[in-house]
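Chain A is fixed; fit chains B and C onto it per the hints.
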Amino acid sequence: MITFFRRSNPFRPSPFQMVLSYLILGFWTFVVLFPIYWLVVTSFKLPSQVTQGPRYIPFVDFQPSLHAWQYIFVDVRNDTFRPYVNTVIVGLVSSIFALFIGASSAYALVRFRYRPKLGLVGVFLALVVLCVIAIALEIPWQLAVPIALALFIIAIPTLSPRMKRSLGNSDIAFWMISQRILPPVAVIIPVYVLYQQIGNATGFKLLDTRLGLIIVYIAANLPIVVWLLRDYFQSIPIELEECAQIDGASPLRIFWSIVLPLSVPGLVATFLFILVFAWNEYLFALFLSSSQAQTMPLTVAAQNATRGPQWWYMSVLILIMIAPVIVMAIVLERYIAKGLLVGAVKG
Amino acid sequence: MATTVKSSITSNQNLSSAPRSRAGASDRVTRALFIWPAVIILLFFSIFPLIVSLWLSFSRLRFTRGGVEIINVGWANYRKILLGSEQPRILGVMSQPSVEGWIFFAIIVVALIYLMVQYIRNERVTPIGFILRLALNLFLAALAWLAVSTISPGGRPGALIVTFLYVFVGIALQYLIGLGLALLTAQQLPGRRFFRVVFLLPMMITPVGVAFMFRMLTDTVVGPFSPVWKAIGLGGTSWVNNPWGARAAVIIGDVWQWTPFMFIILLAAIEAQQVEPVEAAIVDGANSWQIFRYITLPAILPVSSALVLIRMIEGFKIIDLPNVLTNGGPGTATESLTLSAFVFWRTLDIGGSAAVAYILLIVVTIVSVAFVNLVRRRFSEVA
Amino acid sequence: MLNKRDINLFVVLMMLVGLVAGCAAPVSAPAGEAGPSQPAAGEVTIDVLTFTGPQIAEPLQRRGAEFTERTGIKVNVTVVPFSDLYQKILTDLATGTNAFDVYVFAPQWMVDYVEPGYLEPLTDRVAGNAELQWDDIAPFFRDFSASYKGEIYTIPLDGDFQMVYYRTDVLDELGMEPPQTWEDYLAIAEAAHGMDMNGDGEGDYGSCISKKRAAQAYWMISSIASAYLQSQGTAQGGFFDLDTFKPLYGDNEGFRKALEVYKATTQFGPPEELNLDVGDTRGLWTAGRCALSIDWGDIGTLAIAEGSQVKDKTGAVILPGSTEVLDRATGKLVPCDANTCPHAVDGINHAPFAAFGGWSGAINAASDDATKDAAFNYLAYVSAPEQSNVDVTIGATGFNPYRISQFENLDLWIQAGMSEEAANLYLGAIKASLNSPNMVLDLRVPQNQRYQQVVLDTAISQFLAGELSLDETVKAVESGWEEITEELGRDAQRAAYLASLGVTR
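Residue numbers (the working numbering), protein chains in the order written: chain A, 1 to 347; chain B, 1 to 383; chain C, 1 to 505.
FYI, nobody ran anything at the bench for these hints, they're computed from the structure. Careful, some of the hints might be misleading.
Result set (DMTMM-like, lysine to aspartate or glutamate): computed pairs, CA atoms no more than 25 Å apart in a straight line [what the hints assert, rightly or not]:
1) C:K475 with C:E487
2) C:K332 with C:D471
3) B:K230 with C:E202
4) C:K74 with A:D208
5) A:K205 with C:D84
6) B:K230 with C:E190
7) C:K74 with A:D75
8) B:K230 with C:D196
9) B:K230 with A:D61
10) C:K74 with A:D79
11) A:K205 with C:D369
12) C:K149 with C:D169
13) C:K149 with B:E69
14) A:K205 with C:D368
15) B:K230 with C:D200
16) C:K74 with C:D346
Calculated from the model, a selection of chain A residues having no Cβ within reach of chain C, i.e. all distances over 12 Å [stated by the list, open to error]:
17) F30
18) P35
19) S170
Where chain A lies over chain C, by a calculated footprint (3+ residues, C-beta under 8 Å) [to be verified]:
20) 67 to 80
21) 85 to 95
22) 282 to 291
None of the values given here were measured: they were computed from a predicted structure. Each residue gets a CB set at the ideal place from its N, CA and C atoms; glycine is no exception.
Pulled out of the complex, with its shape left as it was, chain A reads as follows (with noise of 0.2 Å):
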């Protein structure tokens, strides 16, 4: 079953091949490397040595200080040190719920079939439009909604029996992922509203909480775990899964110590994805969160003010800020390339 693990590779190039592969790739390096490079040189340039023109390398053509990182571990340590902490905080916690709901889903959506009407998918989106307008026409909602609901319970049984489409699997992962296609200038609005509102009803502040970010992006990162995993969970062999139901086993046991433990190349490259994603997130962040709650792409974005950018202090921010991911990117490295792998042959 499994045989993309394969060592030996068919591809074994000519030596003229190989270094015109070095060649290309080392120019990609290149690229890579070099804008990298330009923000450690920049964090130990001072402000004018950054106004007077390009210097490449320190010592040999500029005198290097460390006056940004001073100033950002030192002077300012408390404005650096609590949105670091936010935001490790924020990415850990929200990808791994996203992580194991996603999960849970992407199995759910391989292994069981789901058929929702779509007739009755359609009278409720009819429902929620009418109940808006309602509201809009400035009916109460405290009545608007209970009639809806009354009207939606009383359709279930009169018309289910008769619709006869109904959606499977693939339309509620796609829907999934068309998740993402809402821009989220038109959703931050919304949802800190609603944030508010819960907050002020119940005194359950969501707002400038790491708890509110969190909600956030875990929504935000579902559609992603879903669509990344629902082809790894594919590839695994049903064989086993069998065996265990057999023995009695239950759903929920069986995804636990199953697949879940068989999956683990998948679930460490999809946490990375969407660590990544939560981690430099910036426009929920910036709305969300105002002192408490701030995150490090904030502090980033500020360091551009009314004086222009302070690069040098933005670039000691930015390589603080990927030092991290960049080591657990070295440490998950194998996993990633397998994790992906069989994700991505399913398409």
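For chains B and C alone, kept in the frame of chain A given last:
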């Protein structure tokens, strides 16, 4: 991902092999537990903002003591964007296309007609399906016409066309570079793990940071490449002052950041292909181009189309790069639709912002559906 | 296999649960009643919102710590990126989140916060506070900048208006005088362009103006246009005709002339000029690469900061003027005489532009009284001469002079590192600007951000980039402004504009 024909077959087999009769009540609950958390979270964060934004796109906000007053203004926001004062910014300024423009447009139209004919001849045609297909083709033709007439000399592309440029040119480059690099690193080369990790790096940097980085790099006066510009006699000019130069800068930044995504997944797909056909081909004396063309390419086409779809959906939301590089300038040359929405929103024209977001949503949905129907199905069948 | 009906029912119920919450939120959006959480008695904390420094935020934090030592009241300064500050403040106030007690922002935005009643009027508190020394604040900031409809709403912490900076050594070399009119400005820029001004053997630039889109470019055009558009004193207004509320930034010779001058400066600027924001031009200035620049007071203090190449070579002068001004009735430029330019100096009409208005602190009306008092005392402490007279001489604070004692007292500046000559030039320009009865108040009608940051800024940057011709630009600005005016109500906008200009000295 929207399932391909192939994968839905596999899943159906899996489904049928699951014993139906023994699905008791508790099993039902467990199974529901598997999918509902995700569905509820997504429903909550999709339907709710979707409706609220739709409502906002028909309204204007006024700030009053202790809150906000929401005034219904009907289609005014959409009128302003599509027909009124914001039309040049969002849709662009049209002019008579040049000869090349006409040729390009003709090619597109011919291609669409060809697809239409293919559809009628090869597939089961239902009236609704036919109308939808026709509408889709008309929409694509209109889009092509808008692109051709605004890019021609005398015209000026608006945010819609610029966004399409970013998406299509950017993704094409990302795909080609990503594929090339993946093919190279799939070879048996010492040190390929090093390249793999290095090539992943750009994806790890926050997009805002990448944008600022490229602002440093594109500076022709104090940026690292200024000697290069001077050497080729461009020392006194700046490419971010030129509309096409600025757009190119945005695309380069986008390619730099997102090629890794294409690269890593294509690499995985290439390494996952069956070894036997390749070995057989080598025995038969096929050269590497033939192996690529007839074995590797078909094997990676399905994943490619999925990748392109994902990147397309993400790419349409591009905002950080144009915003940081030039703030959408020079003029409005680099403004993307999301950036337009953001500019409206920054100055509290929330209705206008929501309207732009909705236009974007509709366009992306149509393009994605078109992509799935016109392109993805084909490739999946090939596979 | 699952029972279909059960599943469906389950789906529906879950969806509706989500929906109930969903529908509930937007409907009850206006909910300003809910106040901020009340602090425990005896323990007052002031939450301050401003943008990410070092500048502005740094002095607020530093003075905040001192204030805590003095009074035991804690000061929390929160920062957000500058470009998002306006929106963030309004969202906080309008949605009733009220997470902050003090907002430090540009008074230009005030009208959007004051009109709905979000900000606390400070007139009585100002009258009752001696430490603040209100009368020491320059009249323009006191009467126009800090006030709206006769009430004081903000405490100035900074003085913002634009001036022209020039390189004294370059002008000496050229044998030219500092610019008095915009024609002079162009002549100097042309003469100086290409000279080597910092001794690195490369040609430098005649004029460096920040022209980046969505940055500061739209203030620069107002600095030029005002000389042609406003001549009868501050109360005449430099943006709209007071009677009809038709934009002056429209089809008239004055605005056209200003656009021509603005575009002409680009030929003598750095190649990247259209993508430079004010931070970049300041960097170029201190690196000694520019002969002229339009900027706020910052360059004066940055020129003496560490690493500057232009210490004692930086001169400042009031914004250049014009010998011709707009006749609003005919739309033509007419020569200056006693009637057309009552405030002219040597026949030249100067109209210094108070762009942005200077960072000022305001207090949230929804905070409780104890917090309001504490917040006011904090702002008064930061603004009091004892503190601010030191802070304005430090380039890194971003605070510029706004008090009479600050530009009358030369010693302050010499102590900070300026030569006597440079201090004289710098303070002379500040004094000339602030004493001008023809100072131009920045646009302060509701949603001025849309007039300036969207319509004007977009049209100007398209004009500079060559996307729009002169005629198209004029038309784009005029029709864009008219559209917003129509949308928001001409009478209401006009009333607000009159209110912002309403105070006479």
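Worksheet item: Going back to the hint list, which numbers does this structure go against?
Response: Hints 12, 16 are the ones this structure does not satisfy, whereas the remaining hints hold.
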